[in-house]
Structures are given as C-alpha cells and as structure tokens.
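Please work from the sequences and hints to get the whole structure.
Just so you know, we're using the numbering used here here: the sequence shown kicks off at 1 and counts up by one.
Quick caveat, the hints were computed from the structure, so don't treat them as lab data. Just so we're clear, the structure is a prediction, and the values are computed from it rather than from any experiment. Heads up, the beta-carbon is just placed ideally off N, CA and C, and yes, glycines get one too. Fair warning: there could be bad hints in the mix.
Stated by the list, open to error - Between beta-carbon pairs, the in silico distance windows are: (1) Asn-232 / Asp-50: 44 to 50 Å; (2) Lys-21 / Ala-406: 47 to 53 Å; (3) Pro-395 / Asn-232: 14 to 20 Å; (4) Arg-461 / Arg-126: 50 to 56 Å; (5) Asn-397 / Thr-233: 15 to 21 Å.
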Amino acid sequence: MSGKEDYYQKVLWPKWINDIKISDHHTILLHGIMGSELVDEKKNGTVWLDLEIGKDIDYLEFASLEPGGGVDIYDQSIYARSVLNPPLFIPGPYDKFLRQVGPGKYCYDWRESIPIEAGRLILFLRKLFDDGFKEKVNFVTHSMGGCLLLWMLRETKEFDDRIKQIIFVAPPFHGALKPLQVLEYGNGIPVDILVNNGHLRRSVATMPGLFDLLVAPQDAWVTDINIPWQHNTLQPPVRTETDIYSLSCWKNHERWNLRNKILNFTRKYHEDKFAAIPTILARFNKLSPKVDVNVIVGLNGKTHIAAEWNDDSEWTIYTSPTPPDGKYSNGDGTVLFQSSILPGLPAERYWAFIPKWPGGSPMREDTHGDLLKENNVIQGVLSLLGGSTPDQLEPYNIFAPNIDLAYELAGDSTPKPCNFDYIDRAHWRGAPVVNPVVQNLMNPWDKNMNKGDAQIYYATREAAINVLKNQADLKTEATRVGVTPDFLENHLKRMMT
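Rendered as structure tokens:
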C-alpha cells in the first residue's frame, strides 16, 4: 500500500465512512472540480484554498505523470481532506446541501485524472462495505463528481447491488469549453480574480483532471437529441476542423513535455466512457429492484457554446446570446444540456433548475458552481431520494422544448462577440485581452438596461456597500439595480480583495 493510500485509509476515510452511516439517506456526495480542500500532510497545512491563493496554484503543480498518478513537486504529499470551505465571507458551495441531506461525502484530488481517482473511490467503497455496513447507498454527484462515478461504474460491477439511487447534478459527461479557456488563457475559474494567470497557466498544464473535462472528441459528443415535438441535430462545440487533442492547436506551451501524454489519455478516456454508457444503464435496468438514475441540469446561464480556431492561431470562444422571450439559454454557465445526456436514459429522468427573479420570470444567471446551494435543487434531490416527483424542478417535456438552440443547430451561424452584455464586458476588462477584435466590440452602453457601463458599475458598487453594511440582502439589492445576484456577489468578492 502506498503512503498516500495508507494515509487515506487510516486517517481520513474512517470519518467519511461514519458520516455516510449516520446520514439519513446513506447518501454519498461526490463534489465538483476544486470542490475539496487539498492539504499537504507533511506540512500539515491547506494548499487549496487558503489566503495565499496565487501561491496555492503554483504549489499544486505536478512534477511528472506516471501510470499510477501525478507526482507532486517539492516532495509534497497532497490529499483531499474535506469539502471545500473558502476563506471568504461567502459560504462554501456544499454547506447547505450537507446540512439538509446529510453529512456523507467522498473527497478526491481533482487535479488527478478521473480514472485514477475512480480507482481510489473503488478502494474507499470496498472499505465502507467491508466495515460491516449493510445498507444501500445513494450517490448525489455535482459536476466532475458525476464523471468520477460514471467511470467507477465502468470499471467494476461489484457495487451495483449496493446502490439504491444515483442523482447526477450538472454532470459534464461529454465535457465543456470552460476548461479550454482556463488551460489556454489562465482565466475562468471561480476565483480567477485572485490568481496570477501566469501561475495558473503553468500549474493547470500539469493537471489531467482538468483536461478530462475538455469537450469530448466529435465521435464521443452527443449531437442528436430528442426534443418533444421536434428532432434536433446539433453541431459539436468545436466548429472548425481543428482537433483540440492535437498539439498544433495549443498556444499554452507550459510544461509542454507532459501535453501529448495528457491529451492522448484524455481522448481515450472520453471514447471509452461514451462506449460504456449503454452497458452501465442496461446493468441497472436488469437489477431487481432497478437502480434509479436521474439527471438534474441548470439552464439559462451564459454558457460557452462554440469555439473556433481563428486566423491568428488562437481560440475564439463564443457565449450563448440572450434568448428570445419564452426561451432558456442552453446550459448553466459551464455545462451545456447535451453534455449531460446519458444515451439510453429515458427523457422522464431529466429535470431542470431555472433561476427566477422574485416575480417568477426566468433570470439569466450562471448557476453551475452553486446548484447545490439552491433550495429548489436541494428539495428536488430530497424528493427523488424519498421516491416522489421533484415538483420543485421542471420535467423534460416542459424545459426541453424551451431551450434556445438557434446557434447550435446543424448549419446555423455562430453568435458574434458583439452579443456581449455588460457582465461579459466586465469579465473581459478584468482579464488579459486575448482578441483585440473582441475588445473593440465592447459597446459601453447597454441598450437593454438603458444605462452606460459607468452607471451600472456605480449602482452595483452602491448595492455591494449596502450588503456589506447589512442594510439590505444580496438578492434584494441585485434586483433593485437590475443585475443578477451572481454578478453582485462577484462584485463583492472583488471589493473584499
């Protein structure tokens, strides 16, 4: 047994196993990327996240990659010790969920490849069931955690009859475009306002786990989806002939000696996983009783929907434009709906959360990272765990026909950067200018809000101060000035740093 496995099994896993046993539903939460606190056991200190975040990123770099996993630099011994609790005034992304559903969770090192961490999950489950635990478990996964569980199920059947239910929340089964943005340009992670982009670009270039979340190759991407009353064939997110798994389309050459190994491994990971999905679902259907599988997605976010390799030999990444009235923009700000599809899973097993303004109208807000903070999502999970219909969420036959797929249908055009609104422009102003053409298209007047950028900025700043002084709550102030709660929260974080 390696030193790392020994530390997990003797120090960390006993507490996690006890939490699962005392959980009302014997639920195991598998968090998303960057969702665990990483600690260096030798130095007895947190390395993600602590108050020296830029230093953290540099410190998390792998020195090399071996078949058994990444080798940490500086003679480190880094472990996933607990669920992330950020060192800011904003609550952690899973606190509310763990309080209401139960404390059961499994934490993993999201830097590692998904297959390697899935192998460690298998060891953990063996220890759980060998420890005299006789009950069936429920899995609730968020984001990358869904990919981890899916690969574990591909690797072994030994736990099939020990699982009661699986609820995937915002799973990027077939990848997303945001990791491309992070890997190439060093921006786009939840705390990128605090991180030196140069350090980030170097460190993430060594992390197979992030590469595993890239959009799948075209032969492993879902392009045919059945929407009620219509049939849609969608374009893959990469709209040019360029293969993102080829070395020729990467400008970030940090740790270039590792790149080909990671890309080849990731391509095979996606293809093998895609081929295994029908077999996994068929296994569950043959069990008596069957294992219920449900997928909860977020919609109406500002999600990256397309990427093109342009004439300047760099990526241009497009965000879905504002949808027409009565429609939802595709995805939750990170993951497109079609990336969460499990081929062969019945349509009635998909549910959607759509953020709403106080009056009930749809709000265009990115919710991916915070879905398990949302009351409707938590209550929907509890309903499914209790065997009832999650009335708090929209069923497939209601939400699917309302997804705006105008720029994703085969043969349709790609949205242009001039569709950026104030929040997009604010993001680009705070990041390195990647494409000068995009910068020139940032009109300082927002016609939808009938305000200029300066007016919106000062109104948002005033609202943030009111929240900090406890004179108003965040959602009320966001509604008053006409921005989303997510945007006001990000403004608050910038003020605090």
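Verification of the supplied hints:
Taking the beta carbon of each, Asn-232 and Asp-50 are about 46 Å apart, inside 44 to 50 Å as hinted. Between Lys-21 and Ala-406 the CB atoms are about 49 Å apart, so this pair conforms to the stated range of 47 to 53 Å. Between Pro-395 and Asn-232, the C-beta spacing of about 18 Å keeps the proposed range 14 to 20 Å intact. Distance hint check: the CB atoms of Arg-461 and Arg-126 are about 53 Å apart, consistent with the given range 50 to 56 Å.
Against the hinted window of 15 to 21 Å, the Cβ-Cβ separation of Asn-397 and Thr-233 comes to about 20 Å, which satisfies the hint.
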